[in-house]
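Build out the structure end to end from the sequences listed, making use of the hints.
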Amino acid sequence: MSAAPIDLPRWANAGLVPLVSVAAALLVAGLVVIGIGESPLEATTLLLRGALGSAEGVSFTLYYTTNFIFTGLAVAVAFHAGLFNIGGEGQATIAGIFVALACLWLAPLPGILLVPLAILAAAAGGALYGFIPGWLQATRGSHVVITTIMFNFIAATLSVYLLVEVIGKPGSMQAETPEFARHAILTPMHELLAPLGLKLPATPLNSAFLLALAALVAVWALIYRSRLGYAIRTVGANPRAAAYAGISPARIIMVAMAISGALAGGLAVNEVMGVQHRLLLDFTAGYGFVGIAVALMGRGHPVGVGLAALLFGVLYQGGAELSFDKPSITRDMVVVIGGVIILFAGALDGLFRRVVASGLRFGSAR
Amino acid sequence: MEWVQTIAVVLDSAVRLSVPLLCAALAGLWSERAGIVDIGLEGKMLIAAFASAVAAFATGSAWAGLGAGILASVMLALVHGFAAITWRGNQIVSGVAINMLAAGLTVILGNAWYGQGGRTPALEGPARFPDLTLPLGTWAREHVPVVGTFYDEVVSGHAAPVYLAFGCLLLTALVLKRTRFGLRLRAVGENPAAVDTAGISVAGLRYGAVIICGALCGLGGTYLAVSQSAGFLPHMTAGKGFIALAAVIFANWRPWPALGACLLFGLLDAVAIRLQGVIMPGLGQVPVQAIQALPYLMTVILLAGFIGKSTPPKASGLPYVKER
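Line order of the protein sequences matches chains A and B. Positions 4 to 369 (this note's numbering) are the ones given, in order, by the first sequence. Positions -11 to 312 (this note's numbering) are the ones given, in order, by the second sequence.
Among the hints, a few may not be true.
Claimed, not checked - Calculated cross-link-like contacts (lysine to any residue; reagent style SDA-like; alpha-carbon spacing at most 20 Å):
1) A:329 - B:103
2) A:329 - B:105
3) B:310 - B:191
4) B:297 - A:146
5) A:329 - B:107
6) A:329 - B:104
7) A:329 - B:275
8) B:310 - B:195
9) A:172 - B:275
10) B:297 - B:285
11) B:302 - A:143
12) A:172 - B:273
13) B:310 - A:138
14) A:202 - A:41
15) B:302 - A:144
16) B:297 - B:252
17) B:165 - B:240
18) B:297 - A:286
19) B:165 - B:244
20) B:297 - A:142
21) B:310 - A:141
22) B:297 - B:244
23) B:297 - A:143
24) A:172 - B:277
25) B:310 - A:324
26) B:297 - A:138
27) A:202 - A:191
28) B:297 - A:141
29) B:310 - B:189
30) B:310 - B:186
31) B:165 - B:182
32) A:329 - A:29
33) A:172 - A:59
34) A:172 - A:161
35) B:302 - A:146
Said to hold, decoys possible - One side of the interface only, derived from the structure: several residues of chain B facing chain A at Cβ under 7 Å:
36) 80
37) 89
38) 280
39) 282
These aren't lab readings, by the way, just hints derived from the structure by calculation. None of the values given here were measured: they were computed from a predicted structure. Note that CB positions come from ideal geometry on N, CA and C, so glycine has one too.
Dropping the structure here:
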């Protein structure tokens, strides 16, 4: 899409350009902090201390990181196929409904069967809800972007309907399902690590974090080490060349969107099965959109996605702590930073490549 | 004649609800006809709603609010233009960024300035647009059956931004169809190379379209905060920018059908509000969510080509690169 690409060494392209754009985004956030009359330095200190200063802080940070890994990977896989999946929120919402139904309906099963089945249900729900836009683009020519936007809203209204009218807990003021049985939930990390002699404070961090790490490795293997991944990247780079090479772009679009949706379903696994232990309205809370920033910043590579997810985990947890001390800096700051990162690392990529290229040229000329 | 009154009341609220949609849809239409895809309509309306509420509260004048709303929205539109036109960035990515930026900034600034969880203080008196009563309303209601009631209820009694929005619709239809600027603008969305060859600036035309788009979103956002409500609420656009996007697709990128689509979506909204909790004979309680999901569902079905065929501008979403 971009005109006259600016040639950069690989390390600069993969490392320096995202770093420069993130630094610029944080600078913008600093300006906003100054604008509301607070000190950015003090805010940064409070934020870092809140996110990394204690075992509890780190646990919370990793819990948020889990969400961002899943949604970031979802966007990244679609990117590799040349698709822009804005539907992470909707796919996670549907996955949440599937998880809740599995946990409630299959409750008689023992945990060792129930938990994997519920996780599979989440993946299936997300995959299905990602597959439909992919199928519509592949066979009917409607653009994935618009379809997934519309699907987000359809999923939201569907979940309101189901929670209020069908599967909601009777007599509850809040739109929520009954709580899942004890054996239907994911083990909290502090319980998981207790037998190893590690004492962690009780936090929402749970075994879904390990699932997220596994997903990072699996996506890396899929994209860079498998035949399907090669096909996905080929279609993303040049669908026509892919068709000449005997790869069906239509099939790959559908498969990539299904995988993307299944990964977004991981958000539901962490939030619904791991933390809330029931289905709540709007549990996706914008994680799907921040996932776009994570994927753009991480350049679509699982290592980059992992690091970017960690950064957003730090911002999220640190932001929560920060807003206790400085009520004027709410957690919405993370949304602003996410937006600016999407703008800088995504839409204004050309500008930042130019900046880095001229910086490198200046450096080598001296 | 009670049913006439009921229909008139529902239509009246449909008009009110469709005005923000109409503004945003016209905005999207201008931008996309020039080849710039804009999924940031939502964010621009939101920032306009916020800026207009802040300015109207500070100055006590609704018109100052409108000015501030348009200004804020145009600034965001220029960011989109800078990324999409000057740096040939991905227009979808830029639109997502603008939506997030607006969603976050409005809450942070609102919270920091007023400390009410992101709301702005309630607007009163001249800080809001008053409802304008058109002449002869009561006379028509008494002397002209049906039409008079509709005139008094549906056409008369709206605030200034409503009439402004319909004025913008007229202007949009006229300028796009009948002027040189409109012709060139449509051409730049179909075949920018041809426009460039004729010696006309592609970037200039596209920036023009993006600014008009910003101004229209500004009007829509201002209407939400300073006319429909009495102040800004966090996330008050609630997806209206995306319904407007759907309306543009529905209307096949043409102004008058866009009005039809917006009125239809506004009507659905009005009906959904009216049917909340109503038990229909034979149907039981009406699932209001189904009606709310209809615009999105209809758009998906339409785009998939199951009803009619959508033909977007050919160069929409593609950055223009001058050949060297």
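Now for the hints, and whether the structure bears them out:
1. A:329 - B:103: holds, 12 Å
2. A:329 - B:105: holds, 14 Å
3. B:310 - B:191: holds, 11 Å
4. B:297 - A:146: Holds. Residue 297 of chain B to residue 146 of chain A sits at ~13 Å (cutoff 20 Å).
5. A:329 - B:107: holds, 18 Å
6. A:329 - B:104: Holds, at about 15 Å.
7. A:329 - B:275: Distance ~43 Å between residue 329 of chain A and residue 275 of chain B Cα, so the pair is violated.
8. B:310 - B:195: holds, 16 Å
9. A:172 - B:275: holds, 18 Å
10. B:297 - B:285: Given that 20 Å is the threshold and the Cα spacing comes to 16 Å, the pair holds.
11. B:302 - A:143: holds, 17 Å
12. A:172 - B:273: holds, 19 Å
13. B:310 - A:138: violated, 35 Å
14. A:202 - A:41: violated, 37 Å
15. B:302 - A:144: holds, 14 Å
16. B:297 - B:252: OK: residue 297 of chain B and residue 252 of chain B at ~19 Å, within 20 Å.
17. B:165 - B:240: holds, 15 Å
18. B:297 - A:286: At roughly 36 Å apart (the allowed maximum being 20 Å), residue 286 of chain A and residue 297 of chain B break the hint.
19. B:165 - B:244: holds, 11 Å
20. B:297 - A:142: holds, 14 Å
21. B:310 - A:141: With a Cα-Cα distance of about 31 Å, the restraint between residue 310 of chain B and residue 141 of chain A is violated, given a limit of 20 Å.
22. B:297 - B:244: holds, 17 Å
23. B:297 - A:143: holds, 11 Å
24. A:172 - B:277: holds, 19 Å
25. B:310 - A:324: violated, 50 Å
26. B:297 - A:138: holds, 18 Å
27. A:202 - A:191: holds, 12 Å
28. B:297 - A:141: holds, 16 Å
29. B:310 - B:189: holds, 11 Å
30. B:310 - B:186: With a Cα-Cα distance of about 13 Å, the restraint between residue 310 of chain B and residue 186 of chain B holds, given a limit of 20 Å.
31. B:165 - B:182: The given pair, whose Cα atoms are some 19 Å apart, holds under the 20 Å limit.
32. A:329 - A:29: Holds: residue 329 of chain A and residue 29 of chain A sit about 18 Å apart, inside 20 Å.
33. A:172 - A:59: Distance ~32 Å between residue 172 of chain A and residue 59 of chain A Cα, so the pair is violated.
34. A:172 - A:161: With Cα atoms ~16 Å apart, residue 172 of chain A and residue 161 of chain A stay inside 20 Å; holds.
35. B:302 - A:146: holds, 14 Å
36. 80: holds, 5 Å
37. 89: Hint on residue 89 of chain B: holds, closest Cβ of chain A at ~4 Å, below 7 Å.
38. 280: OK, holds: residue 280 of chain B within 7 Å of chain A, min 5 Å.
39. 282: violated, 9 Å
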